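Student: Build the full structure now, drawing on both the sequences and the hints.
In full-length UniProt numbering, the protein residues as written are 1 to 860.
Calculated from the structure, these hints are not laboratory results.
Model, not experiment: these values are computed from the prediction.
Just so you know, even glycine gets a beta-carbon here, dropped at the ideal spot from N, CA and C.
Some hints could be false.
To be verified - Straight-line Cα separation of at most 30 Å, DSSO-like style, residue types lysine-lysine; simulated pairs:
1. Lys-615 <-> Lys-399
2. Lys-530 <-> Lys-680
3. Lys-620 <-> Lys-596
4. Lys-667 <-> Lys-530
What the hints assert, rightly or not - Beta-carbon label-pair distances, calculated as ranges:
5. Gln-575 <-> Leu-600: 39 to 49 Å
6. Arg-408 <-> Asp-45: 31 to 41 Å
7. Ala-439 <-> Ala-364: 46 to 56 Å
8. Glu-592 <-> Leu-62: 36 to 46 Å
9. Ala-439 <-> Asp-520: 52 to 62 Å
10. Ala-42 <-> Gly-303: 54 to 64 Å
11. Glu-627 <-> Ala-212: 19 to 29 Å
12. Asn-503 <-> Pro-543: 56 to 66 Å
13. Ala-341 <-> Gln-575: 39 to 49 Å
14. Ala-212 <-> Asp-622: 46 to 56 Å
15. Pro-543 <-> Glu-405: 51 to 61 Å
16. Leu-600 <-> Lys-114: 40 to 50 Å
17. Ser-404 <-> Val-338: 54 to 64 Å
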Amino acid sequence: MASSSAANVMLAIHEKKTSPTDLYRPLRLYIASAYSEREAAAADDDLAAVRDLRAAVEQPSLPDPSSLEQRRDALLAYARALALVEPRFPISPDRGHVHSLTFTWHDAFKTNKKASLASVHLEKAAVLFNLGAVYSQIALAADRTTDVGIRTACGSFQSAAGAFAWMRESGVAAKAVAAGATTVDVTPECAAMLEKLMLAQAQECFFEKVIAGGKPPALCSKVARQVGIFYEEAYAALSAAPLSQHFDKTWVSHVQLKAAQFYADACYRCSLDLHEKEEIAQEIARLKIGISALADAKKAARGVAAPLLDSVNKLESNMKTNLERAMKENDRVYLMRVPDASSLGALPAASLVKPTSLAEVLDASKERLFSSLVPDGSMKALSKYTEMVDNIIRTQAEKLQQASEITRVRLKEMDLPDSILSLEGNITLPLDLKEDVEAVQISGGPAGLEAELQQLRDLSRVNQELLVQTEEMLQKEANEDAQFRTQFGSRWTRPQSSTLTKNIQDRLNLFASNLKTAGDSDSQIERGLKESYPLMSILDRRPIESALPSISRPIMSLDGNEDAIVGALKQSLRQLESLGAQRAGLEDMLKEMKRKDDILPKLMAGVGSHDDLFKKEISKYDPVCAEIADNIVAQEQLLLQIQAQNEQFAAVFNLEDYKVARERCFKQIAAAVAKYRDIKKNINEGLNFYVTLQEAIGKIKQQCSDFIMTRNIQCREMIEDVQKKLAAKQACRGTLPLHQIRTVHHHRHHRMLRMLRVPTVYHLGVIQDLGTLSPSQDLLTHSHTQPMARHRNSLRMVHRNSLHMVHNTLVTTSSRCISHLPTMTTVNKHILEDGVDSTIIHISRRSHSHHILSHRTIPR
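Tutor: Shown next as structure tokens:
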């Protein structure tokens, strides 16, 4: 089957045809015979499923893409089922096996030939062949003029190559031939040829893509050359037995002409690149070579598709045109000698494709068909064999690990390869010390400590300022209290400020003492940083390895063989490293061998004794075990050689002095890291102390503010009380006219308001309900005519009126959003004493009501 496009013609593979085969009855009879009728009945569904899968494979496929995809899925499902059938059902002509089951398959390239065998290997090989054929048909059906189509075609051709590669590499093709398969299409040689053909066409898809994308000629030449190489390999296989007499001549001619076409195309693209570089002589040579290859291939090609021949002729015409132009330019301008073809190097190639692994899609480990059909004897034998393999793997792995550990310890004792690296300037720190230095450098290094120390100073200053502000607030309140005490004398009966603030003052004194102690500690840290900076400055070296001493060559050389000594030692170390890499590969090889080691089909076949089978199968691990033993012996000999070479190296380069200097530097760096951490720890403790102290002083300052506001309210109440008593006394005696009483009251009242900075928090004594009083009431007009009781009532009303006036003034001043004063309830007056709660009434700024919010205690 062939398909053509504007540029390329490609091939697809026809499927092998088969005859109908009933798997159900022969397999069921075997289950009933080898196991039991009960097991056979339990396996009915699985047997029916396998029969249906085989029937689907027997149906011919349709050419449309959706049918091809369904066909691919059916082949994959049947291939997975065969992977489960093979180890459970020994299909062969032998008595006791499934001997009545025969598979018949026709040759895909010569349909008159067929093979009929009682062998599951023929069935598996045929299914894999058809899977590759269907993948090639899917690729050929894709529209390569679109990006999606060209990706589909390229991927499907690689999957087809993967199917043929799996058929060859897994041994299925060889086993089919060994079982007696007579058709050439399932031989390993045919599978290899088809793999190369599919890879050639997949690479050809990439070539179409780079040409359509306008990629540089040099890249296009490399891609085209690899296409030609794949076609050349396929043509070589077609020209050799057993394929040379099997395929139609048009197939051979197609592959041969394709190989020449893409070799010539690579020459053509290369000549374009040479023309851009003005290398006219080589351009002419490449064009001549390509044209000659096309001419030879066209002579031998017979019966190729017309589109392919047209494509070749077009390429040949373009090359001849360019050759004529290049020769004229060379004759007229460049006058360069054209090199012979034999003097030119091979064209470079770039492979962009590979066979797609089908391991995942063919993995039957998740399938549940016939999962119960494993004989007990086979399971026990398999378990025994697995234990034997595990013991080999474990023993050899221990030997490999021990050898690696011996190498590590011996090299460390000889200070290798560190001493060689030091000689070359590639000095390294011990890993833990390097991590410590990197942590120091990331955190800012020694230079960053000065910035943190400045933060310490700033926090100390802020705390000192807060402390001074708090003390000044208390002192100011105490001074005002003393002023009023002097003014009013014995009538000023409230407790002295010093009595009430004793505990607060004690705490402030304690804070001041703490600040002084902290300041002393800060000074010690600062001195420590200054004194230790020369030591820690080594941590600022970047990279830190630049601070380490290096091995220097001897000033005077007696025989001048230093380079030879170093070279021999380095060569031995490279050999030792190769041995280590070989050990890792051997261990992986053992694990991979174990993973692929499945002897269940052989166990279930029942040929010979289990012990003989185990001995034969376990022997395949012997070569790897021998390689491990040789590796260990070679390593021991090499270590002795390295030891002798290192002694000579140490003597010539005076390694002892270098080691002493290096260890001294390591200790200096470690000491610098320790000192840095110590200073940083002290600074961090200081920062935490100051932050905590700042919060504590802030709380004390707020308590002092509350206390001062409370004292101011108390002061106002006492002033009013004293003024009322004086006013009432003078009014009773008639010593002052009414207008003077009002004037005195008015001026004292406003002076008191000026003295008080109206707060938003009040500490009030007994407050009567002021809601019904008018600020304009004059309650002193009857002071001379009313009895003493009415006189006392008048004084109470004066008191209430004054409080009402004060309240209005306070509300107006402290909160512009409060328009009136609601009724105030009576709260008990508490004298602010040591450790006693003081009731704080807050005026809410968000509402027009008074609430007793909290009892705030000034702590001791």
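Student: If a hint holds in the structure, say so; if it doesn't, say that too.
Tutor: Quick rundown of the hints versus the structure:
no. : hint                            : verdict
1   : Lys-615 <-> Lys-399             : holds (23 Å)
2   : Lys-530 <-> Lys-680             : holds (13 Å)
3   : Lys-620 <-> Lys-596             : holds (12 Å)
4   : Lys-667 <-> Lys-530             : holds (21 Å)
5   : Gln-575 <-> Leu-600: 39 to 49 Å : holds (42 Å)
6   : Arg-408 <-> Asp-45: 31 to 41 Å  : violated (58 Å)
7   : Ala-439 <-> Ala-364: 46 to 56 Å : holds (53 Å)
8   : Glu-592 <-> Leu-62: 36 to 46 Å  : holds (41 Å)
9   : Ala-439 <-> Asp-520: 52 to 62 Å : violated (30 Å)
10  : Ala-42 <-> Gly-303: 54 to 64 Å  : holds (57 Å)
11  : Glu-627 <-> Ala-212: 19 to 29 Å : violated (50 Å)
12  : Asn-503 <-> Pro-543: 56 to 66 Å : holds (59 Å)
13  : Ala-341 <-> Gln-575: 39 to 49 Å : holds (43 Å)
14  : Ala-212 <-> Asp-622: 46 to 56 Å : holds (55 Å)
15  : Pro-543 <-> Glu-405: 51 to 61 Å : violated (30 Å)
16  : Leu-600 <-> Lys-114: 40 to 50 Å : violated (31 Å)
17  : Ser-404 <-> Val-338: 54 to 64 Å : holds (59 Å)
The structure is inconsistent with the numbered hints 6, 9, 11, 15, 16, although it conforms to all the rest.
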